[in-house]
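Could you put the whole structure together from the sequences, leaning on the hints where they help?
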Amino acid sequence: MKRIYAIESVCMNCQLCAVFCATGHSRSKDIIKAHNREKVLPRLFVEEKRPVSFAVQCRHCDEPFCVQSCITGALTKSLEGPVVYAEEKCVGCWTCVAACPYGAIRRDVDRKKIAKCDLCAELTEPACVANCPNQALVYEERGS
Amino acid sequence: MTKYAIIGNSVAAVGAIEAIRSVDAEGSITVVANEPYHVYSRPLISEYLAGETTVERMAYRPADFYEKNGVEAILGVAAAGIDFDKKSIALEDGQSVEYDKLLLATGGKPFVPPIVGLDHQDIFTFTGLADAMKLDEAIDRVKDFVVIGGGLIGLKCAESLHKRGVKVTVVELADRVMAAVLDVDAGRIVEKSLARKGIDVVTGDTVEEILGEGGSITGVRLKSEKELPCQAVVIAIGVAPNVELVKDSPVKVGRGILVDDMMGTSVPDVYAAGDVAEGRDVLMGVTRILPIWPNAYMQGRAAGMAMTGSPRGFAGGLSMNSIELFGTPLINVGITDPRDESFEILTRSEGDHLYRKVVLRDGRLVGAIVVGEIDRAGILTGLIRDGVDVSDFKEELLRSDFGHIDLPADVRERRLFAL
Amino acid sequence: MYTLLQPDFRIKRDEERCIRCGVCVRQCAFDVHSVDTDDGSIRSDESKCVACQRCETLCPTRALTLEENYHVANENYNWTGGVLKNIWKQAETGGVLLTGMGNPRPYRIYWDHLVLNASQVTNPSIDPLREPMELRTYLGSKPDSVEVVKENGSLKLKTKLAPQLRLDAPFLFSAMSLGAIGYNVQEAMARAATEMGIYWNTGEGGLHKDLYKYGKNTIVQVASGRFGVYKDYLDAAAAVEIKIGQGAKPGIGGHLPGEKVGDLVSMTRMIPAGTDALSPAPHHDIYSIEDLSQLIYSLKEATEYTKPVSVKIAAVHNVAAIASGIVRAGADIVAIDGIRGGTGAAPTMIRDNVGIPIELAIAAVDQRLRDEGIRNRASILAAGGFRSSADIIKAIALGADAVYLGTAALVAMGCHVCQKCYTGKCNWGIATQDPYLERRLNPDIAAERLSNLIHAWSHEIMEMLGGMGINAIESLRGNRLHLRGVGLSKTELDILGVRHAGAS
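Chains as they are written, first to last, in the numbering used here: chain A, 1 to 144; chain B, 1 to 419; chain C, 1 to 504.
Errors might be hidden in some of the hints.
Quick list of simulated restraints, FRET-style, between CB atoms [unchecked claim]:
1. GLY94/B x LEU79/A: 36 to 46 Å
2. GLY51/B x SER41/C: 34 to 44 Å
3. ASN36/A x GLU259/C: 37 to 47 Å
4. ALA86/A x GLU413/B: 27 to 37 Å
5. GLU141/A x PHE393/B: 29 to 39 Å
6. GLU38/A x GLY198/B: 30 to 40 Å
7. ALA130/B x ASP38/C: 48 to 58 Å
8. LEU79/A x ASP38/C: 28 to 38 Å
9. ASP260/B x LEU79/A: 25 to 35 Å
10. ASP110/A x GLU413/B: 27 to 37 Å
Because the hints were derived from the structure by calculation, they are not lab data.
Everything numeric in this text was worked out from a predicted model, so none of it was measured.
Glycine included, C-beta positions come from ideal geometry on N, C-alpha and C.
Rendered as structure tokens:
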């Protein structure tokens with residue numbers, strides 16, 4: 001399946017991936033409103049320790065430990081490949097947070113829900129990849 | 001065409017069904033369970049008790065799960081016995097189910113210690129939906145609860161009861177709450193967060209007698225002679241594997257049903273998974289019962305794969321819990337409180353809200369406790385599961401924002417982008 | 001000390017638009033922006049701003065606007081704001097004013113006073129989309145005459161030709177050394193040059209081993225510091241260029257401070273890490289044309305006469321005579337860098353006041369070499385502030401064979417000409433060795449942008465050539481009749497060898 005890969009050597013820590021991820025997952029899809037009013041959380045993490053940085057999203061594992069750990073059935077592995085999250089089923093137990101080896105699952109503490117990458121299912125290319133100004137994120141098929 | 005049978009209808013059964021169907025679309029699958037419910041999320045019974053969810057929303061898989069997976073679900077009917085020679089399960093209603101491959105996923109049953117006065121009314125356990133429903137009814141007439149057991153189940157029960165507006169006192173025999181998975185420091189943080197909300201916690205003591213008049217409870221008497229007034233008692237000490245079906249059978253039982261890494265029991269074509277199974281612990285190098293949800297799913301999955309004849313094996317169990325009590329989230333993984341000198345322990349704490357502990361053995365991470373800032377704690381779990389040598393950056397593990405960036409570049413690349 | 005200096009720029013942040021994402025904070029190497037930890041808002045210290053526009057460009061909500069800070073209220077024609085500031089600065093520091101990039105002073109840009117011809121009625125123009133159009137250019141010494149013999153019924157060239165560089169279009173990327181710019185920038189230029197069939201120049205800082213694979217499209221430099229010069233370096237290249245001078249700082253050497261000499265630069269320049277890389281003002285073995293000739297032939301010997309040798313000088317007063325000497329010394333190519341040529345670091349006074357405009361230099365050198373009958377013996381490469389395909393085609397009409405693109409290439413890769421290259425804090429990841437900054441220049445993207453620019457300019461040149469009824473760039477070279485001057489004095493026209501517009 002296609003996955004998102006970070007290219008560390010050209011990631012410049014602008015973190016626009018996070019900005020556009022949050023925007024893409026907002027109700028309004030308006031960048032200013034998404035951040036200043038809706039306070040949407042990005043579905044990815046940018047790790048940085050200068051000079052290095054890179055974005056980490058859900059890897060949509062073949063044997064997802066989060067899915068196996070999810071106590072409510074909110075996380076499932078779809079046949080097409082992505083690990084699918086049904087928000088209405090999530091109770092915010094954070095077991096997936098404890099399980100995910102990538103640390104790719106974010107806690108939305110106020111709403112007691114998690115937030116994680118859905119590969120922007122409705123778009124042809126995830127927002128983080130499409131908006132990276134330095135092509136430090138690619139969306140492609142590699143091996144498995 | 002293979003006939004698969006599964007006794008039990010919780011997460012291990014689901015793991016097995018999903019595994020079987022990923023390989024074998026043809027075989028028949030029959031699920032037998034004494035609980036009458038569609039497969040539900042057992043841990044959510046505390047949310048149910050707190051009034052935060054409904055039975056419908058507790059469904060662990062969609063309503064058409066059995067249908068879609070071609071499963072015949074015989075629910076609300078207990079298995080009465082198994083004839084391992086004839087490969088047949090006798091049900092309590094007289095039916096029988098034939099099988100080629102059998103999975104025992106009967107789970108655990110609440111452990112009730114010998115306490116004087118167990119014949120009173122309003123003594124509850126807390127492991128299934130029915131328990132939560134009974135407690136839910138009792139809340140209207142009970143003002144004071146005593147919960148026996150300060151483990152995960154006991155505390156979640158206490159929290160839910162507290163949210164419903166009743167007074168709760170937790171009695172724990174050990175010197176701290178959640179003694180099985182936490183160390184003293186983390187235990188204290190949890191106790192303080194409970195105390196702040198008005199839940200009394202008594203540690204180092206236990207209930208010896210349930211007091212009452214005419215069947216109604218009036219209080220409990222502790223080992224310390226202290227008496228606590230209450231009108232109901234929840235016994236939440238823990239669960240014991242539900243091995244009754246295989247008593248006096250060729251299936252070997254230790255504390256639970258003994259299984260190999262393919263989840264096979266001592267009897268061919270018979271497998272066990274979940275809280276009833278005693279499998280290998282990946283860190284401890286011994287077999288033990290690890291009654292946690294993810295473990296049950298993975299064992300169920302491994303069993304399912306093995307039952308189809310394409311075994312993948314089970315990587316071994318790992319103790320891992322995530323619990324949030326009154327807004328203080330907490331995660332424990334692996335070996336968290338070793339007493340042996342061969343372990344190296346690093347900790348960091350800030351006040352009553354933040355605690356981080358990592359346990360190393362031979363340079364590898366084998367356990368962690370994270371209280372408060374639990375985000376991305378899964379990275380630690382991953383390092384534990386994969387046995388990564390962390391000796392070069394062990395101090396970094398204590399930082400709340402520890403991440404892949406703290407790993408050597410080649411390790412990081414491998415871990416992040418192997419897929 | 002309290003400073004009299006006011007900020008050069010003003011940063012306006014539209015708080016309605018700002019989403020506090022912190023892109024500006026993380027992207028500014030000059031630490032202009034910072035997060036106010038009290039309320040999460042972002043503040044900007046304008047005194048540090050260099051107007052590189054990185055924050056403005058990357059701000060996802062366009063919340064930032066940069067403006068000139070016109071604060072010198074009573075500046076006059078003589079005592080301009082810039083002049084006053086320079087004095088204040090030097091009164092505070094006691095130092096030489098440093099700068100980067102090319103001369104920004106308003107000397108006449110002759111390109112803007114030269115216009116091109118086009119065919120009308122009496123001679124047909126050519127549509128480059130329908131008919132072949134040749135931009136191929138060969139750089140190197142051409143023979144005085146060629147001898148052709150008939151062999152087995154077909155014609156064969158008997159004359160042995162000097163080595164040539166074959167360019168698919170008359171451009172090269174200017175010499176910019178590793179140290180002045182980052183590795184990624186050089187890689188981008190090398191890749192684009194390879195893709196487009198042109199050349200890039202290493203500058204004087206050596207050639208990193210990983211770039212040897214682009215050697216066929218690489219010109220290596222030998223300058224007064226001799227950094228990284230050894231057998232493999234010369235062997236790897238397509239041509240060797242002796243750098244005598246640079247348009248931005250004629251008569252001045254170079255000084256790469258030790259903090260920019262990390263492992264990569266150290267290895268490539270073959271100097272210890274952390275030491276200053278000093279390029280002396282003169283080559284200490286060249287005090288005459290004869291000395292230069294010795295170096296030219298040393299390099300030819302070393303490369304067994306398989307590669308053209310170029311000599312690059314700054315355009316100065318007697319550029320024509322010097323060029324003549326260079327050609328007579330045996331150079332295959334004379335590269336001339338005009339007063340608007342760029343630099344990674346130069347004293348401001350030198351950059352802004354020394355040298356002559358490249359237009360006049362091209363015309364003077366071309367004419368001188370023609371007059372002496374040696375124009376064929378060397379190609380002329382022009383450099384220094386070429387901004388568009390129109391500037392380039394005019395340069396060729398004036399007599400250049402091809403042009404070096406430095407600033408234009410950098411701008412294509414993202415440079416915003418803030419002139420702070422010498423600080424090593426280039427926010428665009430170009431003029432920096434800082435690993436946090438240099439990764440901003442993705443060689444994949446930069447190479448593509450360079451290729452795009454070359455592609456676009458090539459196309460424009462074809463259009464203009466076609467308009468003139470010319471189907472090969474060679475036919476335009478030195479063909480000054482295709483140029484006319486507008487608003488130029490007689491003296492200027494004479495030097496340029498161009499008639500005034502309106503004259504037939």
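Verification of the hints:
1. GLY94/B x LEU79/A: 36 to 46 Å: holds (39 Å)
2. GLY51/B x SER41/C: 34 to 44 Å: holds (41 Å)
3. ASN36/A x GLU259/C: 37 to 47 Å: holds (41 Å)
4. ALA86/A x GLU413/B: 27 to 37 Å: 32 Å Cβ-Cβ, so the 27 to 37 Å window holds.
5. GLU141/A x PHE393/B: 29 to 39 Å: holds (32 Å)
6. GLU38/A x GLY198/B: 30 to 40 Å: holds (35 Å)
7. ALA130/B x ASP38/C: 48 to 58 Å: Roughly 53 Å apart at Cβ, these two residues keep to the hinted range, so it holds.
8. LEU79/A x ASP38/C: 28 to 38 Å: At roughly 50 Å between Cβ atoms, ASP38/C and LEU79/A fall outside 28 to 38 Å, so the hint is violated.
9. ASP260/B x LEU79/A: 25 to 35 Å: Roughly 30 Å apart at Cβ, these two residues keep to the hinted range, so it holds.
10. ASP110/A x GLU413/B: 27 to 37 Å: Between ASP110/A and GLU413/B, where Cβ atoms are some 35 Å apart, the hint holds.
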